[in-house]
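Visitor: Per the numbering used here, the sequence shown runs over residues 1 to 190.
Hint data in this document are derived by calculation from the structure and do not stem from the laboratory.
Computed from a prediction, not measured in an experiment: that's the story for all the values here.
Glycine residues also receive a C-beta, built at the ideal position from the N, C-alpha and C atoms.
Treat each hint with caution, since some may be false.
To be verified - For lysine to any residue, the following SDA-like pairs were computed, each having C-alpha atoms within a straight-line distance of at most 25 Å: (1) 131 with 11; (2) 131 with 46; (3) 131 with 151; (4) 131 with 157; (5) 131 with 56; (6) 131 with 161; (7) 131 with 103; (8) 131 with 164; (9) 131 with 154; (10) 131 with 76; (11) 131 with 114; (12) 131 with 159; (13) 131 with 58; (14) 131 with 27; (15) 131 with 102.
Claimed, not checked - What follows is a set of in silico ranges between Cβ atoms, one per label pair, in the way DEER data are often shown: (16) 129 with 84: 40 to 50 Å; (17) 46 with 128: 33 to 43 Å; (18) 17 with 65: 21 to 31 Å; (19) 57 with 182: 42 to 52 Å; (20) 182 with 25: 13 to 23 Å; (21) 114 with 134: 17 to 27 Å; (22) 47 with 11: 25 to 35 Å; (23) 17 with 165: 12 to 22 Å; (24) 163 with 84: 38 to 48 Å.
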Amino acid sequence: MSVAAVHGLEAPSLWVQRWTHLVRPGGTVLDVACGHGRHLRWFARHGHAVTGVDRSPEAIAAVASLGTALVADIENGPWPLLNGEQPRTFDAVVVTNYLWRALFPVLLQSVAPGGLLIYETFAAGNETVGKPSRPDFLLQPGELLDVCRPLRVVAYEDGYLAAPERYVQRIVAVRASGLSTDGAPARYPL
């Protein structure tokens, strides 16, 4: 098996790279289902404090030196990142190639005021080109838009990518923190 074939050692998602500039300088970043840490490495290199959570002890051992790394079964156990009874908040919550719909409320609650959610995963249609192919693991048309209604959507795409061949849905959404210091609405550079 090549090094790039191990989840988390391939290049960071172009979608994540594209929207990194919206994360507050030096801000905190949570990578959910982080694997071997391609996005943890990316954000750590850009000066962010990183936290990764994954159910694989091997994956977490591989990223432990980057920041906070937690082994947790987030599908069958409690959310491991709590501040009292509420989810801890981060300046960015990143999710790629992972879908567990029951986590959507917790993920949104984990986005700090002024923070953002960067989400990219497989969408309906992917069953025609490969795996995953089960509807449980494929977003339905507009699903991320519906989930992110409490946030301000900055960017959204839902479609087909040729290399590698796949159907994806992806979103960047910000938890508004109000007006900027000059009284103007916050600006999110595209």
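Visitor: Are the hints correct? Go through all of them and say.
Guide: Quick rundown of the hints versus the structure:
no., hint, verdict
1, 131 with 11, "holds, 20 Å"
2, 131 with 46, "violated, 32 Å"
3, 131 with 151, "violated, 30 Å"
4, 131 with 157, "holds, 20 Å"
5, 131 with 56, "holds, 21 Å"
6, 131 with 161, "holds, 14 Å"
7, 131 with 103, "holds, 22 Å"
8, 131 with 164, "holds, 12 Å"
9, 131 with 154, "violated, 28 Å"
10, 131 with 76, "holds, 23 Å"
11, 131 with 114, "violated, 35 Å"
12, 131 with 159, "holds, 16 Å"
13, 131 with 58, "holds, 23 Å"
14, 131 with 27, "violated, 34 Å"
15, 131 with 102, "holds, 21 Å"
16, 129 with 84: 40 to 50 Å, "holds, 44 Å"
17, 46 with 128: 33 to 43 Å, "holds, 36 Å"
18, 17 with 65: 21 to 31 Å, "holds, 22 Å"
19, 57 with 182: 42 to 52 Å, "holds, 48 Å"
20, 182 with 25: 13 to 23 Å, "holds, 19 Å"
21, 114 with 134: 17 to 27 Å, "violated, 36 Å"
22, 47 with 11: 25 to 35 Å, "violated, 19 Å"
23, 17 with 165: 12 to 22 Å, "holds, 20 Å"
24, 163 with 84: 38 to 48 Å, "holds, 45 Å"
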